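*Asks:* My request is simple: use the sequences and hints to build the entire structure.
4 protein chains.
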Amino acid sequence: MKIIRDPIHGNLTISEEELRVLDAPEMQRLRRVRQLGFVYFVYPSATHSRFEHSLGAFHVAGKIATAVGLEKKEIEKVKLAALLHDVGHGPYSHSSEIASNFFKKTTHEIYTNKIIRKSAVSDALEEADHNPDEIAKIATGRKRPNSDIVSGDIDADRMDYLMRDSYYTGAAYGIVDLDHLLLKLMMNKKGLIIESGGLSAVESMLIARYLMYPAVYSHKTSRIADAMFTNALIECIQEKAFTIDELFAMDDAEVFQNIRSHGGEGENLLDSIERRDLHKTALNLSKEELGENFEKVMSLKSDIRSLKKLEAEITEECGLERNTVLLEVPHPQYKKEVKTLISDSGKLKKLEKFSPLVKALHEAQWKYWNVGVYTSSENIKKVSKTAKTILLEI
Amino acid sequence: MKIIRDPIHGNLTISEEELRVLDAPEMQRLRRVRQLGFVYFVYPSATHSRFEHSLGAFHVAGKIATAVGLEKKEIEKVKLAALLHDVGHGPYSHSSEIASNFFKKTTHEIYTNKIIRKSAVSDALEEADHNPDEIAKIATGRKRPNSDIVSGDIDADRMDYLMRDSYYTGAAYGIVDLDHLLLKLMMNKKGLIIESGGLSAVESMLIARYLMYPAVYSHKTSRIADAMFTNALIECIQEKAFTIDELFAMDDAEVFQNIRSHGGEGENLLDSIERRDLHKTALNLSKEELGENFEKVMSLKSDIRSLKKLEAEITEECGLERNTVLLEVPHPQYKKEVKTLISDSGKLKKLEKFSPLVKALHEAQWKYWNVGVYTSSENIKKVSKTAKTILLEI
Amino acid sequence: MKIIRDPIHGNLTISEEELRVLDAPEMQRLRRVRQLGFVYFVYPSATHSRFEHSLGAFHVAGKIATAVGLEKKEIEKVKLAALLHDVGHGPYSHSSEIASNFFKKTTHEIYTNKIIRKSAVSDALEEADHNPDEIAKIATGRKRPNSDIVSGDIDADRMDYLMRDSYYTGAAYGIVDLDHLLLKLMMNKKGLIIESGGLSAVESMLIARYLMYPAVYSHKTSRIADAMFTNALIECIQEKAFTIDELFAMDDAEVFQNIRSHGGEGENLLDSIERRDLHKTALNLSKEELGENFEKVMSLKSDIRSLKKLEAEITEECGLERNTVLLEVPHPQYKKEVKTLISDSGKLKKLEKFSPLVKALHEAQWKYWNVGVYTSSENIKKVSKTAKTILLEI
Amino acid sequence: MKIIRDPIHGNLTISEEELRVLDAPEMQRLRRVRQLGFVYFVYPSATHSRFEHSLGAFHVAGKIATAVGLEKKEIEKVKLAALLHDVGHGPYSHSSEIASNFFKKTTHEIYTNKIIRKSAVSDALEEADHNPDEIAKIATGRKRPNSDIVSGDIDADRMDYLMRDSYYTGAAYGIVDLDHLLLKLMMNKKGLIIESGGLSAVESMLIARYLMYPAVYSHKTSRIADAMFTNALIECIQEKAFTIDELFAMDDAEVFQNIRSHGGEGENLLDSIERRDLHKTALNLSKEELGENFEKVMSLKSDIRSLKKLEAEITEECGLERNTVLLEVPHPQYKKEVKTLISDSGKLKKLEKFSPLVKALHEAQWKYWNVGVYTSSENIKKVSKTAKTILLEI
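Residue numbers (the working numbering), protein chains in the order written: chain A, 1 to 394; chain B, 1 to 394; chain C, 1 to 394; chain D, 1 to 394.
None of these hints come from the bench; they were simulated from the model.
The model shown is predicted, which means the values in this text are computed figures rather than measured ones.
You can trust all of the hints, since none of them are fake.
Short, incomplete list of chain D residues facing chain C, as computed with Cβ under 7 Å: (1) Pro-214; (2) Glu-363; (3) Ala-364.
With a cut-off of at most 27 Å between alpha-carbon atoms, the simulated DSSO-like pairs for lysine-lysine come out as follows: (4) A:Lys-280 / A:Lys-220; (5) C:Lys-220 / D:Lys-353; (6) B:Lys-220 / C:Lys-2; (7) C:Lys-350 / D:Lys-220; (8) B:Lys-347 / A:Lys-220; (9) B:Lys-118 / B:Lys-143; (10) D:Lys-336 / D:Lys-353; (11) C:Lys-63 / A:Lys-73; (12) A:Lys-359 / B:Lys-287.
A virtual CB, placed ideally from N, CA and C, is assigned to each residue, including glycine.
*Replies:* Written out as structure tokens, the structure is:
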């Protein structure tokens, strides 16, 4: 057993077999992939990587799996799945995923699945007498109930990243009362369940995420940098500078270097980002302001080709050059309802029905959500007007 | 200038004049009055007193007053008012206040007002060239806008107690992002205003309080101890062991000693508390369960004589002795709506209207609120049934 | 199993049997005995009691005992001994002990031993199938090697109080790297041993104590208050207000009340303390300044009758009244050498020989040690001169 | 004024002019240079960069400069100097510096000086009406007394890095009681002075550094990686892959990429490092073990050409290939005596004379210092024997 020191969880214990998985180059790459992408523009100290987050998730998953009474072998599986759950993330995860979506349907989960099933990782898993296929399913949330521990509403991933992102940014909201949650979590055939005595701890965790969203995850500056970088990636992929598969295998520095050595529009955008000469906000439209167009605009977020068409339309209408205007439709915080069940005097209830606060988060999230249109300072007025007309009339 | 070390705020700076106020016996008494009463039964480490909380509020008030641009003399007033805002609290504040209400309308604010206006405190204030009357008004929230800093929705009192109670109990919820709030607070003629960029910080603070309520302030065990102690006080006052004025001038140890030296039913109750031989919950009724009787029951919380009549009725109906059955109607968290205004692109809006989450807190609070009926283990069944009938039929 | 929340260690787990020991009135008394006596004059937030420290020591002892591989029953014994190790402390421990020494040889360990062997505590221990006598021996360091965990150089008592006192005062020095120490502790027949890889962790802990001494434990203000209170106790005991046995059974409030109800010189001194009208330092003499008289003066610290004779001599020589001049000879930090052994590549060495830093602490401690002579402001000059002459010529 | 959030110091305030210095590409490069080089092999979370440390030092320097009463313009200079003090560090600072020393005398201070005097940085400084030359002098400790704040025994640099390195690694030793120090620092014509009341705070800070040395700064694993990387750099520079000037202008990723694209022995070493296939320790010799050869060996640490000759001699003697054996002579913690003065009742004394603990650090440091000889696992025995003979006989 080896001990690894972590500022969030103290001493992490890791076995020889697990260490071999950690030492696979696919996992080591995560050392060079920042957890929060361009958020370091806003919080200079947010330099932490997906590597130590993966270790943290591994540790927390072990605690949850033990607390809900899984057997030794199952605990091992859940821990390994948590260790590997982010292995498929590309550099600047959001940008990589959105840029790829311009060309084909893909997500980091697909790469996570691939890597766990066929790479140095799968070799290490098999040596440790585990079935890579099964680990991949748990890691990507497709083997309930146990996969709930890695990928659910109250999972090891989220617990670790809230605490860690809060610690590294200095934003004060990522409180997770892990000790208390561990006392109140149970598992049945369907998934994780929380005892009603743990209501505050769950509410607190869901709210932590809600508050970290505007403060960190969706900060204006990093959204703009992300949007510019997305276009740089699209330019490069379109011009065959690299493939999507190659992109997802790079680290933060490699993708910068590849864009730079390719040159062209991609490099121009990257230069602007590095000089912190970022586009400015020309327009923000909230759900309310989008009105009946909300659904249509929302659908663009997973159909980047159409989104970029609309972006091009606004750009042309303004008589501007490609990449001068950027359109961004962010994911909402809560895609689906919170599925967690709460056990109230023995009866299982939906958490959303039980807690008015959790229910309120669904509506409240829109306060912090909006569509963004970005451009250079001198074009703000023109772009704002045009984009507004187009977005409200599509 | 003197420096006082505080684990929450670091070094506190206090002037010679302010020190003289702090050294008044009325303020020194607060060293011996626990901030959280019987909560130490649940959180043994919650031994902190109203004294260091008052110092903390003094410090935070100074920061807010400076941040919103008050003048030097006004800053001094606000700080002194914050230092003194709790000086009227009796020992085991809740119990003292409820027991007194059985005999006459009174509150700790009345005593705060009295002490600031006439005692060693007022002498020290006058020496420092302040008008005690004015300080008393600020301390009790009657001189807006400046009194908002001491007693409002986002005040120095609450900021300090949330951080401090969280620190001393180890309950993880009392996060206040003071640094961020200070950047976003403004003041106009009507009171404190928050800029929309500070929304997360305000939401976080209101939620911190919401979550501390079930975890700490309204923990079952301390509620029962409070209820038993309230009856002990009523017995003693009724039997002239001490007057209400005398009660409010005692510290935690003195009131115990006075009850003990008086003897009788009061001492019996105190003995049970000290042996931790507490009553058990016979019945809890939520707002929903109280149905149309909710308003009637709610009105009892500030009419203790009627409440105790009802308690007596249940007791008799069960054929039990006085003090064997206790009825408790707690204050809700949010008596009134949140009045704070938020400035959104220059327009002032009500925070409750602006933030769906803040609005949700009003409904959500009832999840953690209920009327309690307590009795000894052997009588639970009988009392539960009787109390239910009576409470639902009043 | 019951869970108790602690801000230092998180969730503490305590069994039904252990809870019965904790509920004994002798243990509950510790809730009302401050851990740091008059230190709250300097650090207002230092209100924590010996009760939560005892719980903390209980928790840490369990961790150490488990880490070094003790058997289940032995772990239980060590934990209970740690829980009980402070049960014999009187109110304002230092003062109680010094005042008692004026009349007869006694220490809090004697009372700890008595209580564990014969009281509600021993009943609870026997119910839990433990031999009170054995627990008493472990608690007072007389059953090595296991008693090392409770009472040694690197024990659960010290680990907890350093962390706790630092947390509650806000003094930044009480760092104990518990996680790291647990990995490096072993036990052989003679006692606790530290692996050489744990050298930093041990050095750090010993230095933490060294730095807490001047900042907290030996702060001038609390030393003077202690000295005044000691004389108040001597007055009361001499005048039969209470016996030494009675004193050691009181809590902080009770001893104040008893002094007050007895009146006389004791009450005068107490009044001065409560008004914070403390004596001032007339003279401090360091080891160096005491020169060859150092040993003689030092011997007074455990012969209070002789010390008080000398105090009386100085007082008379100055023509002052009893209790106007106080002489204090504090304990040094390190009474004896550090006995802990360190295992360096398999060889056991004395830590003091192995670590030049640990060795240096012995000499360094005298920088923060001095004999104090205190008196009222107006007599400082006279007392200083007289005391100096007498102390350097005895 | 702009606000930057930092997890160590809270909100940092930075002016428009200072922001322009921060935005210079030379400063932005520091975002991509890890503060602790290969320490992330041991502490995965130690990903923080010299950029946020520079911001931290800037903030602390401002606090110290204000506390000791400097004038506005001087405060600005000291802050800017602190912001820029690390701008000359190459990637993997230790390795870059040692590798360069093989070819010519150079240090990061020389580059710091150059950059501040001629680059985008100097332009920004001049725009802000500062003399780059003067700032460079302060930044490199050549303009006392004010430069003491940036580069002395108790400077802003050290205060920030101890706190920050401790925070990011999770190693518990980097305690700096900044608030307390600020109250006790003064400045006279010669430099920073500490009042005797701040002795604990200074001792604590010096000890923090002493304890961080073995735990973090001089951890075995990162020492070996550093040594391997140093040789990789020497290979590349010798083969004209890049110049020393070019090296010092790279970031962490660039130097890796440059080594890789050059190929050869440098790439082989880098591959081993990246696979974590590190050399093992063949021999460690302490100061004591080096005996009379200590001074000779010590002199090698700043004469890398001679050191590498000796390394080659050992390698040949063992019949091994170049770079299979590595010889490392680390810097001691305390090159020179602590120069800080302490003011004891108005008299200035040398801290080392005043505090036995500080004095002890000089001897104690050797406990954690040793010369290292590293090689591949299979050659350990042979190399150990040969190296021992050679090192003890030079």
